[in-house]
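Participant: Below, each chain spelled out in residue letters.
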Amino acid sequence: MSTVIPHPTASTATEATQARIEGYNFAYLDEQTKRMIRRAILKAVAVPGYQVPFGSREMPLPYGWGTGGIQVTAAVIGPDDTLKVIDQGADDTTNAVNIRRFFAKTAGVATTDRTVDASIIQTRHRIPETPLTEDQILVYQVPIPEPLRQLEPRESETRKMHALEEYGVMHVSLYEDIAKFGRITRSYNYPVRVNGRYVMAPSPIPKFDNPKMDRMPALQLFGAGREKRIYAVPPYTEVKSLDFEDHPFEVETWEENCALCGAGDSYLDEVIVDDQGTKMYVCSDSDYCRERREAGHVGDGGPNSGGPQ
Amino acid sequence: MSARDPLLQVRGLTHRYGRQVGCRDVSFDLHPGEVLGIVGESGSGKTTLLKCVSGQMQPSEGEVAYRTRDIGTVDVYGMTEARRRMLMRTDWGIVYQNARDGLRMKVSAGANVGERLMAIGERNYGHIRNEAVDWLERVEMDIGRIDDLPGTFSGGMQQRLQIARNLVTKPRLVFMDEPTSGLDVSVQARLLDLIRGLVGSLGIACVVVTHDLGVVRLLSHRLMVMKGGRVVEQGLTDQVLDDPQHPYTQLLVSSILPV
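Chains as they are written, first to last, in my numbering: chain A, 1 to 309; chain B, 310 to 568.
It is worth saying that the hints were derived from the structure and are not from the lab. A hint or two may mislead.
To be verified - Straight-line alpha carbon distances no greater than 20 Å define the calculated EDC-like cross-link-like pairs of lysine to aspartate or glutamate that follow: (1) A:240 x B:431; (2) A:160 x B:390; (3) A:160 x B:372.
Stated by the list, open to error - Derived contacts from chain B toward chain A, CB cut-off under 8 Å, selection only: (4) 388; (5) 394; (6) 427; (7) 432.
Being a predicted model, the structure only gives us computed values, none of them experimental. In this text, a Cβ means the ideal position worked out from N, Cα and C, and glycines have one as well.
Same shape as in the complex, but just chain A (with noise of 0.2 Å):
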């Protein structure tokens, strides 16, 4: 049998962190376990948008909170890093919060709420207003990763369909939407086209964040715990969103502003405030929104406040 050899991070983790509690590896899974996960990574980087399979762990929280998330990043965290973790654009949601709370306990790493400060960000539902860096990653929590599960149950078909890029069936289901509501109505979990190649489910993100895929100077990478699978985007690849000639592509717009800052070109949450049905509308991304406040940008305040809170 061969010989255990202790990784570098594991050690330099010891010495550098103080704060991290006792009884843990460092980011929770042990080594074997993160090596797994590297391989499976590496080769999904290898082929964009390639579903890898991968010996998916039980981690301390439900499946759908996103254990593969966890895992892709508990496999690419060092003690250097900081980790920003976000949930529908959020900072300060449960699950953000406690995977959050999670890594800064096993690993000791620093964490922070702004984009521009982290080097690894796990997301549920967004990607970050602010555009990432080559020195960024983004981490996506995926909870179905194969996009045509809705139109074929079977595993062995998808996957045959994958390799012989019949893709036909996405097409379909675009159809559909054209034939009964006049237009595309899909709103999240768009498919795409990876460099060309690959279909691939982009996580429950809103069509929205889909163009901020493609070409985008970060590392993406899609962890899927319950399923047990692991895909990745390399830095500047084409994410092409698929499409009919004669009805293209388009995101969502709003005719109002977010009312706390005013920005005009962030994804915006509807927020009801009475139970008159009064709403306001607010950015889904709250350290966009923080950073945009900070700069001195003011919104109309939303329709109960008489002003900017």
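Since the structure of chain A is already known, use the hints to place chain B on it.
Facilitator: Okay, now just chain B, sitting in the frame of chain A:
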């Protein structure tokens, strides 16, 4: 190679399910525009034979060769799977007995017809839509139901939709497995009329598997009679039906209920 060469050549085709024999040593040629009927009782190996020659199931022994449009005659099971599946969804059509096997039940009639076009790279919604309308008209379906799900259609309409879905890429060879069984006689008659008209006007070669001698009398030029996995008699349809030589064929012909 010329236009007179057979489109499909089957040689010594045998398929076994373990110790059970599905079909044994079947050979035939099919020429462009020709309709071949295969009849026999249940369990005689008709469907096994059809699956083997239509690329859906690799036979235990024997060869199936197809004359393609571009690269000459090729062994159907010798080519890559990618190429075989491409062939099956462009140059071939398969009409199933049960429309649910051949249709996508969760998408509309129009999407069902358009699927093959999208699979070969058509990316213009307007074109796909027009083509779907055109084909629904040709199989005599109500255009107003183009956006309805196949599940809301009657059995006869589902079969029509299946035919339209297969013919949209203008195939040269169509396989039909009991296309009219399970339909009532008046619907059967109209569907047969339609199939005969389309096959004749488009010059499509057909292999029709059925247990209904009326269907083969109406559709097919040549006839093969199967029993226990073997072909016991073959020849021109009228010849075989009007002057059956093999005892089993004689039994089959005499079993037709007079009206």
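Participant: Indicate, hint by hint, whether the structure satisfies it.
Facilitator: We went through each hint and held it up to the structure:
The straight-line distance between the Cα atoms of residue 240 of chain A and residue 431 of chain B is roughly 17 Å, inside the 20 Å bound, and the hint therefore holds. Using a Cα cut-off of 20 Å, the hinted pair residue 160 of chain A and residue 390 of chain B holds, with the two alpha carbons roughly 10 Å apart. Distance check on the hinted pair: residue 160 of chain A and residue 372 of chain B sit about 25 Å apart at the alpha-carbon level, beyond 20 Å; violated. Checking residue 388 of chain B against chain A by beta carbon gives a least distance of about 13 Å; that is not within 8 Å, so the hint is violated.
Here the hint on residue 394 of chain B is kept, as its CB sits about 6 Å from the closest CB of chain A, short of 8 Å. At about 4 Å, the closest approach between the beta carbon of residue 427 of chain B and any beta carbon in chain A falls short of 8 Å, and the interface hint on this residue holds. For the restraint placing residue 432 of chain B at the interface with chain A, the shortest Cβ-Cβ distance is roughly 5 Å, inside the 8 Å limit, so the hint holds.
In the structure shown, a violation is registered for the earlier hints numbered 3 and 4, in ascending order.
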